[in-house]
Every structure is written in structure tokens, then in C-alpha cells.
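Protein chains in written order, with this note's numbering: chain A, 1 to 374; chain B, 375 to 883.
Treat the hints loosely; a few may be bogus.
Computed cross-link-like contacts, SDA-like style, restricted to lysine to any residue with a CA-CA straight-line distance of at most 25 Å [said to hold, decoys possible]:
(1) B/Lys456 with A/Leu309
(2) A/Lys99 with A/Thr30
(3) A/Lys14 with B/Phe781
(4) B/Lys620 with B/Thr842
(5) A/Lys14 with B/Pro544
(6) A/Lys166 with B/Glu542
(7) A/Lys166 with A/Asp293
(8) A/Lys14 with B/Arg455
(9) A/Lys49 with B/Tyr801
(10) A/Lys14 with B/Lys620
(11) A/Lys10 with B/Gly787
(12) A/Lys49 with B/Arg455
(13) B/Lys456 with A/His325
(14) B/Lys749 with B/Arg878
(15) B/Lys784 with A/Ser116
(16) B/Lys489 with B/Arg455
(17) A/Lys14 with B/Ala783
(18) A/Lys10 with B/Val785
(19) B/Lys408 with B/Pro544
(20) B/Lys456 with A/Glu327
(21) B/Lys489 with A/Pro194
(22) B/Lys784 with A/Val317
(23) B/Lys662 with B/Lys620
(24) B/Lys620 with B/Glu542
(25) B/Lys489 with A/Thr30
(26) B/Lys489 with A/Lys248
(27) A/Lys14 with A/Met43
(28) A/Lys14 with B/Gly787
(29) A/Lys14 with B/Glu624
(30) B/Lys456 with A/Asp304
(31) B/Lys784 with A/Thr30
(32) B/Lys456 with A/Thr30
(33) A/Lys14 with B/Phe799
(34) A/Lys14 with B/Met782
(35) B/Lys489 with A/Pro321
(36) A/Lys248 with A/Asp279
Away from chain B, derived, C-beta distances all over 12 Å, residues of chain A [claimed, not checked]:
(37) Glu74
(38) Leu81
(39) Asn101
(40) Arg141
FYI, nobody ran anything at the bench for these hints, they're computed from the structure.
Quick caveat, the model's predicted, so the values are computed rather than measured.
For every residue, glycine included, the Cβ atom is placed at its ideal position computed from N, Cα and C.
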Amino acid sequence: MNIPLDQVDKHLAKMWDGATRHDQATARTTLLTLVIIVTEDAMLERVNKVIADVVEAQPVRTIVVSSAPGGDAEIIANAALHMNSQNQPSGDAITLLAKGNARHWLPENIDRFILSGMPCCVWWVGDLPDRDNLFERMVERSDLTLINSAEMDLRDLNKVADIADKFRQTAIADFTWARLRGMQDLIARFFDHPDAAPYLDELTRITFAFSPRENDIDVASTRVGLLLGWICHALHLDTQHAKWYLKKGAAQIVLHRSGGNYPEVTIHIQRDKRPGVHDGALTRIELAAGADDEALFTIARQDDPANVLWTARIPNVVIPPQVMHFESHNEGRMLRRCLENPVRDPLFEQSVRAAREILRSVAPRLSGPPSTYR
Amino acid sequence: MYANPLRVGLETERVAPPCAFVIFGASGDLTRRKLIPALYNLNVSRLLPASFAMIGFANTESTTEQFRENMHVGTAQFSRRKPVEDATWLDFASRLHYVTGTFEDAAAYARLREKLEELDQTAGTRGNRIYYLAIPPSLFPMAIENLAKAGLVSDPNDRSRFTRIIVEKPFGRDLASGDALNHQLHKGFAESQIFRIDHYLGKETVQNLLAFRFGNEIFEPLWNRNHIDHVQISVAEDIGVEGRGKFYEEAGTTRDIVQNHLLQLLMVMAMEPPAAFEADAVRDEKVKVLRALRPIVGESVSKLTVRGQYAHGSFAGKPVVGYREEPNVSPHSMIETYVAMKLEVDNWRWAGVPIYIRAGKRLTKRSTEISIHFKRVPHSLLSPKEPITPDVLALRIQPDDGISLRFMAKVPGPSMILRPVNMDFHYGTTFAESSPEAYERLNLDCMLGDPTLFARADEVSAAWRFITPVIEAWQHGVQPTFPNYHAGTWGPDDAARLIERDGRAWRRL
């Protein structure tokens, strides 16, 4: 049933009232507003699944926004309550469909439903647009812009970095970056060990193997790009003078490290298509240091792709290998993690900028940088 | 000091350093039900280092293989993460070892030392050791002495390795035995090496109490005698002694709950803001609360305290026996299964604010909470005929942990009628991630060398200094008529009278 826009709040209040009277709701707690902009109808089912996962855990108001070209300009609204698995209301569910030119009216009409005084997070589902008025106006209004770089092409990291540069008042959270946190921790953990720490200055080779998408032409997945950007940023590798060597199915980058007398670092990117592994996911990371790979640090995905084997081989030091478990890939879980702390993540922004720099020559933006981003 | 550049800006969990974790009394229930599942969960959360090893030490004959199998069964049953993930378990189990030995046998400690040194070589544990005493306190002195004799305790000032010891309550039976235990512990270990576990402090909700008080501006200005009428702290259990009759006959509710868990809640509720969220700063403030507790001695014991013991009654619609009918309990037992007290904290913040505490077994329902009862409004402007119900802030520790604020609202309609309404925050429905078990948090903190959530010697001593005169007065004074409440009720009538004579009532839990 469609509801006039100015009746949505009233309608929701009535539903909460009814739930309270039926002892379904004891409290109406809300943490934030989550605006979800769906660019293709085909994505709605996936979005609904993710929302169900999120509202199970966090009481949020969701506003799902889609648009349909053509027809008279009109925004159609609907409102309901999210119910959790215990059949208790866990937030407001508002949907807005903009027909025809009404897409331009969306930002203000979304504004009226954003919870006052609470953070507003905008999840743009699908490819990032190069230049889109709705996107920009929504990003400007949000405290947190959510993206999932796993579903992007490598060149889109360029766009993400540009957004981070342009919109300084909003934080950007990437589901994929959130997922990489565990992997970053495992890499950093190698060098927490006092006997391994000196080898960080003697790094000579880093190998990333990833499971590519079908017919993927990119030299690396966005996950590889983000991890590479992070390592380059953290270790002060000179991304501007990266030398690329491309071969079929593999790529090499030669990098220099600034600020000291460090050896040249060669990055190897390898394709390793593995069944049961999510597209773009890393299957192996190896860091070699010292002459003739004197120290070798490896994270290798096991037959059960949820497990990785972590091994550190350092001369005269015993560090047993360890099997580490990663929860299965789940967009709802990653979104929840991003929503937990909707603040800027400077490390992500610096890493994605480093990735932009290093990937520029192999993954240029097809459309070139639009003026609005500069 | 070395700073790993790959850690800069990285939001990561705190991973434990390399160490060997030795559990004394590893064949006991605590190891199987709590400690190993907690360590396994830390491993699943990727919080244990690769160079981690665990040694079970107990007098039950067993092999490492049998021990691993037993622990697998225990973990499958008691871990909060189910099912146990095969590859992770196999990896974790490869780090579990077992040494058979009695606690008095010096040769067993020599074998333990041999094993630990072997693990330093093969598992890279780097001479770091944690000893968890999951054994009766009567065995502590022997274990401590033998550990020291076997050269298994490193110098606390040795920066290249560490030795820590974790001890479980009870930390003595009274002031003298509590101090004696501390003395024993200090014979083998420096205070900085001793981690006294009170698992209540490992609960997320207790830590949230600190976050609530010191992470919000709006409540702290009200948190004092000017605005608070009184405080109630309740630790209500609906279960009985559950097969622990022998233990309970020695302890009673005062030693089992009040001296530790309940006073810990009191300290966290009443402490001043510490200068920093650091172990000693926090614990300094906590212990000041205990020192400011007005002693309950002499005649005031009978006025300010109530004891109870449950008789037969019902639980969950079924009949249950009384305490004296429980296994391993004397039919004439005078041990208390219920305690209520009226406390006063004599300091600037709390002067004149009574703090009513109660703890008991076989009560109507399970509930642990702290409720802050605010003063009435100074003038009943809106409801001259009826007194306005004071606001209450309730901090629920378990179950259904969360916070609720009761305040007054106008009933819709032409008249100005006020009624109290509740504003509720439920931890479980607001944050999705399941909370780690208290033992996960506390074991990890110990491995990381963070004693903030552990009790310090002076804290334990101060708690006993307050409690011991009460216990002694009970022993020597007029004995109550036990049993004095039925299982499934809210405790003895005297407990109700204790608070009612001040014109107040226990909050309905």
C-alpha cells in the first residue's frame, strides 16, 4: 500500500503503537538511519537479505531508495516495521520509489525521514557513478558512505580515492576493507615478533595470489589493490615511480622504499582460480626478506577456504604454524561491522590513495576524472 | 621501543604474546567447562599467538592424547561457539599438553619444568609462563612453594620474560586467612605477577558500567548525594547450591557472593573517576570505596544485616528441597543462603545515601542489577495530591543485560495525571556481536599483562576487613531461626523490614 510522503511518520507511529499494545515492542531504540540507494532493481532481493541481517542485530531506520525512468514525476512511499526473528519490531522500514524526473527530488525527501540527532549512513549499492547528482548530494548529507569495493573493477578504487578527497565531511566505509582487517592483522602479526621485526626493513618480495572473476581482465582484484595500497602506505614505498611488468596471468611491480637504505621490493600478483573462494579473494600472501628469502612469511588459504595457514620462517627462531579461521563471506555481517563505528578511517583513505597512485597506469578511469571530483 | 609500522592506524584486536599457560587442577570441571572453551574461543577469534602452549597439570593419570580428547568433548559442550570447527580445533589441540603429578611432588614440578623448557624450544613460548590455580586454596601454598623451588618463577623485573599466576576466589575465609593467602602468594610472586580473578569483572555489562558512568556527561553530575536517595544492588539466583553443598557449607552467601562479586559491583558503581583507565588508577579508586564503607560492628550488625536460609518450596513449577536437605549439607546447618545489608559509604559523594544490598539462592528469579533511586522532586507541582514516583536508573547485569530509566510522563487526557514509564536499552538487541565470556576476556588480559579487571591484594584485604566483623558477630550473636524463607520467594521477611523501616522498598526485579 502506498502512503503519501507526509503520512509516513504518522503511519509508522501507528504501527509502533499497535506493536506496543500487542506487547511486541517494549522499547523503540534506534541507532541510526541507513539510506540504501539501489541502482538496479535486480539488486533489491540482495539488499533485503542484507537489511534483514542488519536489523536482526541493530535497531535502525532503513530508507530503501530506487528510481524508475519515465512516467510522470512522482515519489511513491511505503512504510512498515522491521521485525526480528523474535517477532519484535526492530526499526522502521521506509521505501521510496522515484519515477521519472522525481529522482532529483529524492535528497530532500530522504532528508525528512532521517532520524534527528543520530548518524545517517548511505549505502550505494552497485557500481559507483562517475558523476551523479543524487549520489553526490546523498554523500554530502551522510556521516558515513558505505560501498563494497569487492563488486567493483580495479579502476574504481580511483573513484573511491577521489570521493575520499572531495567529501571531507563524510566517512567512507568499505565492506571489503572491513573484511580485510583480519588479513591485515595476520600480516602485521608477523612483524610483532621481536626477532622478525628487523626483516621488515629487508623485505624484497611480496606475493599476492587471488582468485579472479570469470573473464576478469584486471591485473588484480580490488582486495589486492587495497592491501597493496596499505602496505605501500605503511612502509613508505614510493608509489609514484612504480615500475610495472605485465605478463599473461601475472604482474610484477618494482618499488623503492623511501627514507633509508632499503632493498628494492618486488610485488608479484598472481592469478589462482580456486573453487569455493569468493571472486577476488586472496588465496596466498607471501613476504620474503633478506638474501635468498632468508625469512619467509606466508598466509595460505586451505582446502576449506574459511581457514588459512599462517607460517613464519625466521632463521634460528621457532614460531609454530597456526591455522586461523575466518567467518564466511557475508555482506550483512560486513555492513554491521561498518556501522558499528561510523567515523572516518584515515588508514583506509591513505591506503586507497596509495592504491590509486600505484594502479593508475594499469587501471585508468575509463571516463577520466570528472571535474566535480577535483 | 619498537613500533611495528604495519600496526599504525590499524584497528585490530589485542593479540596475546607468546606464552605457556599452565592449568593446575586441569582434570577439574572448571578447566573443561570454562577455561579450555575460553582459550579455544580466543584462538578462533585469532587472539592467541602462534607461539602458545597450554599444559594441564593434575594428579589424575592421563596422557596428552586423552587430555586433548576430554577437552574436545568439553569444548563441544560448553563453548559459546558451536559447532567446534575441526581444523581450528586440531590446530588448537596440538598446543595442549598434559603432565601428571601431585601438587606436593617436587619431581612432578621438575617434569613440568622440563616440559616448559621443551616448549620454549619447540613452540617458541620464550620463557613466558602463566599458572592458573584451578585448585582448592588449601593447595595454593604447596603449589606456590614448589613452583618457586623448581625455578619456575621469573624475576618480576626481568623484561625478557614474564611469569604470572591466576588465582580463583575464595581469597580466604576472613581477614586473617585472606591476608595469610596474600602473604603466601607474595612468598612466590610479586603483586604485579598475581591476577586474582573475579569473573564478574570480566562481564561486558560490568565494564559497560564504567563506560556508562565515565563515557557520558549527563549522568555523572547526578551521581551523588545531592540527587540520589539510595542505591540497591541485588544478586538474585533462582537455583540452589547445585551439588556444591560441601563448598557452600564452608562458604555461605556472604563469602561466595557478597565479599567479592557484590562488593566489586559496589566499587564500580561508587568509585570516583580514575585519573586514567589504567590498572592501578582504577584499582586505587575502587579500594577507596571499600575503605570508606562504614564498618558494621557490634549492635549495628543485627540492625543492618539480615541472614536467611531457604526451606523447601518450588522452582519453575516443581517442588524443590530446602537447603538442609541438599546433598552434603548438615540437617542443622546454620549457613546463610541469603544476605541483605544496609551499607553507608562515608565520603563526600555518598554521605547519607544508603546502599542496600541483597544476594540469595532459590529466590523468585535470577537477576543481578544495580538500581539508582533518585530523590523525589522537591515540590510536587504537577501532582499535589499524589507523591510523584522518583526516577530510577537500573543497570541490569544479568540476564537481559541493559539499562533502563524510569521517569514520569503525563497520561494523555485533560487532567494532569503522571505515571512512571520505562525507557529501555537492551544490550542483546542493540549490539549484535555475542559478548566474549568473562574467562576469555580475563585470560587474555592476564596474557597481555593488564590487571585492571583483577582484584588487587589491598582490595581483597579491605573487603575482608569490612566483612569479617559481620561474620564474627553472626557467629557469636543470637542465631536466627533457619530456615526462614521458602524456595521460590524473595527471601526472609526481615529483609523486607530492613529496607521498609527506612520508608523504602526493594525494587521488583
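Item checked: Violated constraints from the hint list, given by number and in increasing order -> Violated: hints 2, 5, 6, 7, 8, 10, 16, 22, 23, 25, 26, 27, 29, 32.
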